[in-house]
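Single-letter residue listing:
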Amino acid sequence: MTSVFDPELILYTTAIGLITIGLAGVVMSSHLFRMVLALVIAEAGANLMLVLAGYRWDAVAPILTSLSEPAAMVDPVPQALVLTAIVIGVGIQALAVSLLIRIRQRYATLDRKEAAERMDSEIAASMGAARDVSQDAPLGERPLPPIPADQVNMRGGDAP
Amino acid sequence: MSDIEVWILLLLALMMLCAAVMVLLVKNHIAAVAAASVVSLGLALLFVIMRAPDVAMTEAAVGVGLSSLILALALRRLGLWKVDSEQVKYILLSHGGENKDG
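Chains A and B, in that order, are what the protein sequence lines are. Just so we're aligned, residue 1 is where the first sequence starts under full-length UniProt numbering, counting upward by one. Just so we're aligned, residue 1 is where the second sequence starts under full-length UniProt numbering, counting upward by one.
Warning: the hint list may mix true and false statements.
What the hints assert, rightly or not - Calculated lysine-lysine pairs in the DSS-like style (CA-CA distance at most 27 Å, straight line):
#1 B:27 to B:82
#2 A:113 to B:27
#3 B:82 to A:113
Said to hold, decoys possible - Beyond 12 Å from chain B on every Cβ pair, some chain A residues (computed):
#4 66
#5 113
#6 119
#7 120
#8 121
#9 122
#10 124
#11 127
#12 128
#13 147
#14 151
#15 152
Worth flagging that the hints you see were computed from the coordinates, not collected in a lab. Beta carbons: idealized from backbone N, C-alpha and C, even for Gly.
Working from the sequences, and respecting the hints, build out all of it.
Shown next as structure tokens:
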């Protein structure tokens with residue numbers, strides 16, 4: 001190692017920093033689009049972490065250029081997996097963005113709390129209940145009365 | 001790994017972390033999308049230094065190009081495409097006409 005900085009230390013710090021910033025953004029942001037962007041950042045950090053798992057600072061790229069004995073190579077397996085993960089990540093982004101478009105069409109807002117509020121009140125209205133009903137007490141009748149214990153057929157299978 | 005590569009690595013790492021913080025803090029959503037694509041671009045350059053050229057190509061094409069395109073088009077559909085500066089807005093409107101679906 002010729003430098004004063006350890007390259008693996010820099011790379012690990014970057015990966016963990018990106019994952020931390022992304023997850024903090026997912027948890028703390030109040031705007032839904034900002035949440036999707038934070039997810040993109042966390043995903044970038046995870047990809048960097050995976051490639052870093054197969055990285056050696058003294059190795060060459062895993063490409064055979066001649067038939068002779070190759071030098072030390074970095075591990076190509078995490079690279080192949082990250083290649084898939086990048087494409088899947090873009091698919092997740094497209095799905096999240098389409099959900100955002102539907103949320104905005106339906107509830108006319110992208111604020112997290114406001115959208116959750118309107119979603120709750122819509123669900124409550126479709127049930128025919130008040131908005132802030134208790135979650136412990138059931139609203140109406142039970143759909144089926146509980147069966148008494150002596151009438152329960154314990155044999156199973158095809159009863160007569 | 002030579003000395004100059006470590007310095008490039010350090011520079012890229014700082015750039016990516018600053019852009020990641022900027023994504024969460026900046027007000028304008030177009031700027032946030034641009035900062036997110038800066039993070040992806042730095043990641044592609046890091047992959048080149050880390051001897052993963054195939055991953056770097058994919059990240060540059062898909063992560064920087066397609067992902068930013070999706071997010072920018074979603075900004076228009078979500079009505080978040082707002083340009084802050086009055087002067088820039090004037091220039092854009094004089095060339096591109098009224099923004100219909102924004």
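| query | Are all beta-carbon distances from residue 151 of chain A to chain B longer than 12 Å? | reply | holds, 57 Å
| Minimum Cβ-Cβ distance from residue 66 of chain A to chain B exceeds 12 Å | Holds, because the least Cβ-Cβ distance between residue 66 of chain A and chain B comes to about 17 Å, which exceeds 12 Å.
| field | Whether residue 124 of chain A stays farther than 12 Å from all C-beta atoms of chain B, as the label says | value | holds, 26 Å
| message | So residue 122 of chain A supposedly isn't at the interface. Is its beta-carbon more than 12 Å from every beta-carbon in chain B? | response | Holds: least Cβ distance 20 Å, greater than 12 Å.
| Is the nearest Cβ of chain B still more than 12 Å from the Cβ of residue 120 of chain A? | holds, 22 Å
| request: Hey, is residue 128 of chain A genuinely clear of chain B, shortest beta carbon separation above 12 Å? | output: holds, 32 Å
| Holds or violated: are the alpha carbons of residue 27 of chain B and residue 82 of chain B at most 27 Å from each other? | Distance ~11 Å between residue 27 of chain B and residue 82 of chain B Cα, so the pair holds.
| field | Cβ separation check - residue 152 of chain A to all of chain B, threshold 12 Å | value | holds, 55 Å
| query | Does residue 147 of chain A sit more than 12 Å from chain B, CB to CB? | reply | Its Cβ never comes within 12 Å of chain B, the nearest being 52 Å, so this holds.
| query | Regarding the assertion that residue 113 of chain A does not contact chain B, is the least Cβ-Cβ distance greater than 12 Å? | reply | It holds; residue 113 of chain A is separated from chain B by about 18 Å at its closest Cβ, greater than 12 Å.
| message | Holds or violated: residue 113 of chain A and residue 27 of chain B, Cα atoms, limit 27 Å. | response | holds, 19 Å
| message | So if I understand the rule, the pair passes when the alpha-carbon distance is 27 Å or less; does residue 82 of chain B with residue 113 of chain A pass? | response | holds, 23 Å
Figure legend: structure checked against the earlier numbered hints; every hint is met.
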